[in-house]
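Quick note, the sequence shown lines up with residues -30 to -1, 1 to 298 if you use mature numbering (1 follows the signal peptide of the UniProt record, and there is no 0).
No incorrect hints appear here.
What follows is a set of in silico ranges between Cβ atoms, one per label pair, in the way DEER data are often shown:
no., residue 1, residue 2, range
1, PRO11, THR201, 19 to 29 Å
2, LEU105, ILE126, 23 to 33 Å
3, SER185, CYS72, 30 to 40 Å
4, ASP122, GLY17, 15 to 25 Å
5, ALA116, ALA198, 43 to 53 Å
6, ASN18, LYS107, 19 to 29 Å
7, GLY58, ASN230, 38 to 48 Å
8, ASP122, GLY58, 23 to 33 Å
9, ASP55, ALA198, 35 to 45 Å
10, GLN4, ILE174, 25 to 35 Å
11, GLU47, PRO177, 37 to 47 Å
12, ARG187, LYS52, 34 to 44 Å
Treat the hints as calculated values from the structure; they're not laboratory data. These numbers were taken from a predicted model, which means no experiment stands behind them. Quick reminder that beta carbons are idealized off the backbone N, C-alpha and C, glycines included.
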Amino acid sequence: MAPTHLRSPPCSWPLVLFLVLFGASKPSNGSERQVLQPEGPMRVAEGNTLLLRCAVDSSCTDDMMKWVKVSHHHQQEIYNFKHGDFPGVTPMIQGTREPLSCDYSIYIHNVTSKHAGTYHCVEFSDLSEKSEKTLEKGTSVLVKGAGDPEPDLWIIQPQELVLATTGDTVFLNCTVLGDGPPGPIRWFRGAGPSREAIYNFEGISQPNVTAVQASSRDFSILLQDASAERTGTYYCVKFQRKFNRQYLSGPGTRLRVRANPTSPQETEFTSEHVDRILPSDLLSVFTLVVLGLKTTTLAALLLALAACRRRFRQEDVKTPGPAGLGPL
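Produce the entire structure from the sequences given, and follow the hints as far as they go.
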């Protein structure tokens, strides 16, 4: 009886893995990422530290982001997350123990009058850093010098990051100093046109949101019964009633809501489940990934599989019989 020969599958898994990763790494045309940053204006005094917020509303792309300042039609690169040395500028993610997914906020230390301008958080291509998108609305920054008159309004949000668990009551602090033009103070979650209105001190609010109002300058709020859906960056904003437009924005407070800690037994079960994934289970994983590929990539994969099958069938025909059996 001829011995049984074990052969590898017609297509080696490295080829399949390459095609899968190649197709999965290319985003579809309809999944363009949106960069979120506050419109401003924001106010900072000389010598202080400025926090500029920036977040991305979808998957991160390996720090392919940078900050550009525009002042008097002159552009200057302020920080590049990919490479470079930028004295006096640090990313916010280095100043917290909590990982901030898709957060590209930065600190500018020891601010001077030269830092006044409009800051843009932009995405660039790995092939050419000059291929950045057209600069849209950025965050305008006003700097108060030592000899300048006192501004009419300051908005102070001292909390940069607040951590909470599901069900907590969250305190978001906002203090407004000065008078400014007539108009309401409002809270928003997020930035840009799609930001979500949270509280208006003229009587409009979302459910489970209340004002603290410990003093006439206190515009803090309480978020009751926190849930993961409330995660985001919250801004305390002054509006100008006459023009019904934003007058001044606070620097923002990042809120992260996590689920209640699981029991030790549940934690152990989860870790075991992750550690014991067998190589045979990879086929199921690859199948799920392939189902998510674009049509062109999937077609290429199927053609490669068909070519491999034909090649191995030809080899089967050419393979001689067992030793010792010649022509009769």
